[in-house]
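Novice: Here is what each chain is made of, one letter per residue.
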Amino acid sequence: MHELSLSEAILGTVLKHADGRRVTAVDMTIGALRQVVPDSLEFYWDIVARDTLCEGAELRHTMIAGRARCETCEKEWELDLPIFLCACGGTARAVAGEEFEVESIVVEDKEDACIAQR
Amino acid sequence: MHRTKVTIASDALDANTTIASANRSDFDREEVRVVNLMSSPGAGKTTLLERVLGGDALGELRAGVLEGDVQGSFDADRLALLHIPVTQLNTGNGFGGECHLDANMVRSALPSLPLADIDLLLVENVGNLVCPAEFRIGEDARAMVASVTEGVEKPLKYPLMFRACELVVINKIDLLPHLDLDVDRLVANVGQVNPEARCLLVSAKTGEGIDQFADWLAEVAGRVPTAA
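Order-wise, the sequence lines are chains A and B. Counting from 15, one number per residue, gives the positions in the first sequence under the working numbering. Counting from -3, one number per residue, gives the positions in the second sequence under the working numbering.
Keep in mind the hints are simulated off the structure, nothing from the lab. One or more of the hints may lead you astray.
Claimed, not checked - DSBU-like mimics (lysine-lysine), calculated; alpha carbons at most 35 Å apart, straight line:
1. Lys30(A) / Lys124(A)
2. Lys201(B) / Lys153(B)
3. Lys30(A) / Lys1(B)
4. Lys124(A) / Lys1(B)
5. Lys89(A) / Lys153(B)
6. Lys153(B) / Lys30(A)
All of these numbers come straight from a predicted model, not from anything done at the bench.
Let the hints inform the model, and build the full structure from the sequences given.
Specialist: If you want it as structure tokens, here you go:
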């Protein structure tokens, strides 16, 4: 339900790295603990990307399941519910599932860069 | 047209984080500690602030408020009556009516904040239990208000927010006699989702528990800044 805000944040980060080049694809890693609905993110992405260098760019993603590890007994488990209190009473840390990263983008080379390569 | 893959491998909120760090540097330079106060709409953030800022609970500590709302200055007007510096930040005014504050919005408000005259800035975020948890604003500490009328399962439904905060103020405990809510279960659920969070039982209406909240604010105000 916060996908509009997040898609705007992605746009800001992608444009920073695009350095004035047109972007055709964005590859993301999304952790399950971020409570992001990918379909919703893609829907808003298409809207916020309009009239920018990202217009029409495909937003692709890889989901990462949430995993916790107890700091006391070192037990590790996959998170179904967001429970970080271990059965031993210890506090668990998320070792996976908190990712929300732009891994890479695909950009069209600038005209002059193409000429220089010839 | 030739295409190139560019590896970025950075947090998607990187653009916001960069600005948050700049805010933090500015706050540090003025020796102002910042608390980001979040909650769902109607949990009682403004009443809590009225109560803690209205009396002498904070002693000599000089506090100011940055009031975030989509529109209007209803909350800021209430707090201004306490004769403390209050700055209104409307997300509907040039920020597309955002449902949260982000680092850039707070940055835009910096020139109107009397940083030289305060020790502690309380930022009342837009009432929303999701988006504010995602956007750092340059704060030293994040706290939230959860009112007892919201039910015991909120921490499990909104773990992002409950995990983002080091303090959970459980407000409106004066209503407990009228509710079926098991407050111990609510506290336990906070502990399940965020075992390190501290819970305070408070009634902003009667003032019960306000001193502990004031003590926490004073503790934050005394913190040595760490790198943002």
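Novice: Each hint should be assessed against the structure and marked as holding or not.
Specialist: Going down the list of hints, with the structure as the test:
For a cut-off of 35 Å, the pair hint linking Lys30(A) to Lys124(A) stands: about 16 Å separates their Cα positions. Distance restraint check for Lys201(B) and Lys153(B): the Cα-Cα separation of roughly 27 Å lies within the 35 Å cut-off, and the hinted pair is therefore satisfied. Taken as a hint, the Lys30(A) and Lys1(B) pair is honoured in the structure, with Cα atoms around 15 Å apart against an allowance of 35 Å. At roughly 13 Å between alpha-carbon atoms, Lys124(A) and Lys1(B) fall within 35 Å of each other, so this suggested pair holds.
About 24 Å separates the Cα atoms of Lys89(A) and Lys153(B), which keeps this hinted pair within 35 Å; it holds. Restraint check for Lys153(B) and Lys30(A): the C-alpha separation of about 33 Å stays at or below 35 Å, so the hint holds.
Consistency note: the structure conflicts with none of the earlier hints.
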